[in-house]
Structures are given as C-alpha cells and as structure tokens.
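Following the hints, put chain B in place on chain A, whose structure we already have.
Residues per chain, in single letters:
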Amino acid sequence: KAGVTQTPRYLIKTRGQQVTLSCSPISGHRSVSWYQQTPGQGLQFLFEYFSETQRNKGNFPGRFSGRQFSNSRSEMNVSTLELGDSALYLCASSLTDRKGTQYFGPGTRLTVL
Amino acid sequence: DQQVKQNSPSLSVQEGRISILNCDYTNSMFDYFLWYKKYPAEGPTFLISISSIKDKNEDGRFTVFLNKSAKHLSLHIVPSQPGDSAVYFCAASERYGGATNKLIFGTGTLLAVQP
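Read top to bottom, the protein sequences are chains A and B.
Numbering of the first sequence is given in the numbering used here, commencing with residue 11 and proceeding in unit increments.
Numbering of the second sequence is given in the numbering used here, commencing with residue 161 and proceeding in unit increments.
These are computed hints drawn from the structure, not numbers from a lab.
Where hints are given, some of them may not hold.
Said to hold, decoys possible - Just some of the chain A residues that point at chain B, by a computed CB distance under 10 Å:
| no. | residue |
| --- | --- |
| 1 | Gln16 |
| 2 | Ser41 |
| 3 | Gln47 |
| 4 | Gly68 |
Claimed, not checked - Covered, in the sense of this in silico footprint (three residues per stretch, anywhere, with C-beta under 8 Å from a C-beta of chain B), are these stretches of chain A:
| no. | stretch |
| --- | --- |
| 5 | 50-61 |
| 6 | 110-123 |
Keep in mind the model is a prediction, meaning the values are calculated, not measured.
Every residue, glycine too, gets a C-beta built ideally from N, C-alpha and C.
The shape of chain B in the complex, shown without the other chains:
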C-alpha cells in the first residue's frame, strides 16, 4: 500500500519556466512533509519542508504548497535551471505516540530542465 504517491514518473520543463512536482498521500496521520532532490549515485539532498499547520512554505526558488483536505502537496521551482535536473522525492512523517524520524517516501519524479 503506497501511502505517498508521485504519479508523474517524469517531467520536462524549459529553463526559466516553472516546474511543478506533485505528491498525494493517503495517511491522515501524516503531519510533516519534506522534499528531497537526488542525483544518481548520491544520497538525497534536503530541499524544503512543511508542517501540517501551514499551507505554504517558501525558500528561495522553492515553494511547497500543502492542501490537507485534498491530501496533496506540490513543489514549485521558479525559475527552473538545468542544474535542477534530478529525481525529486516527496516524503512524509507520521504523527506518532512517541518520537520518530521515520520517513515514508514517494516513488520519485525525474525532472529534466531543458536549456
């Protein structure tokens, strides 16, 4: 049962335009969400996060939007640059009786930014 879904395996965008990566989740107990970028043969790199008490968080070119009623979040990259080409993972953390850093990851979206 895939609790975090990234339904678009790939996305191609022109340099300078906006990239929008989407993520859906099914578990209503998730209350913290993160986006990671991953290059081949490297570990994921943290990009941005958002708590369920917010609906938007912005950091430079990256903005994450959270729609709790739709159980949907998206990552906007503006403007897109060729160096942004990578696999992007959405991840979620569950509200838990105790402390935890366990993350549930989506399957990833390969972003290709064309010069």
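Bound conformation, chain A alone:
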C-alpha cells in the first residue's frame, strides 16, 4: 500500500506570496493532520480534518488554512507569507477518527525569502 505523499517536496516563495501544499493520505485513511516543524518550535500541530470537516486547530494565525476533499486528499494554504513560515510542513494520515496511529509523509520544505 502506498504511503502518504506530499507535493511539492520543495518550494521557494517570497514574502507576501501565498502557497498551497498538497497531501494524499494512505488509501482508506480518512483523517489527515498537518504539522509544522521548525528548529525553534519543533513539531507543532496545525489542524486536522476528518471526512472533509476540520475537527481541531492548533495555535496558528488565520493565514494558515486547509481543506479536505471527498477523496480524503487535503490541501493547506498559507497566505501573505512571512519569513518565519519557512519550515518543513508534514502531513499525517490515520485510519481511525480518534487516537489512531498517524503515518507521516516526507514533508514539503518551504523556504520564504
């Protein structure tokens, strides 16, 4: 079974631009979560989607948003990029809707110049 895939793997943007990252979960998984990893803050939860509904949101500004489609694929969007948004963005999928083991994709490395 194919793992979690994320596209693109690397991205370079400039301040003020917006960006959309994509995640395809493991087949059959309906829960998709997003995390941001930075050297200073570590791995931090952004949000979680289950059956196209956002169930949980981390402590991030409204510039960070996401959505999930009927096929469970998910996208996250960051508008008005800031230098501090440079990070590894990780997507994880889970089979169950609660406390399921989450399987991570390889991540998208976003660099904001």
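What follows is chain B alone, placed relative to chain A:
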C-alpha cells in the same frame, strides 16, 4: 508551555548495547503515547505506542514503559544498531470530549549508535 519534554537533546550508545530514551509530560489528560523516529529530510516514522491503561508495550527490539504517577515514559532499544541513529520524538494524545488525532510532540533526542 512545553507539555511533552525530552530533556536529553542527544544520546550516544555503542552498537549492541541498550539505548534508553526518556520523555516527561505535564498534562494529566494525556492518555495515549507514541514514539517516532525521524531521519533528516524525511517524515517521522511510527515505532511503537502505548495506552495509559498499560505500563509496558513491546515490539521486537523496542519496548516502551509508562509510569503514570511520575508522568514519565521511556523507549528502550535492545540491541542498538547503527541504523537506529536518528532523532526520536515522543508524542502524546489528549483525552478529549470528541474525536481527535492531534499529537503533542516533544523536542526530540538525537540518538547516535557507534559501531
């Protein structure tokens, strides 16, 4: 406020010996714990988990111990192999009014297994 803490940023162990990675938490609402391994430029890989109703879970070379009264868990790797060299993250999930897969991660411990 760091709810999940891994106080050792790094650990060096000889091949064949035991590696013990530690994790402390402060939130008594956490009831499910996981360990992930991460190589640079890759996503975390799930290793092992434990529910708060247990105090030990074993899977091959990996064993996780949970001490609820001390709010402490540890991951034991026996025997350690050079391929185990990576950053290890402890993560916790909170008992919640509804369903959630949200994980709170520790800051990670870099394990180096010397041949």
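Structure versus earlier hints, numbers of those that do not hold, lowest first: As far as the earlier hints go, not one is violated by this structure.
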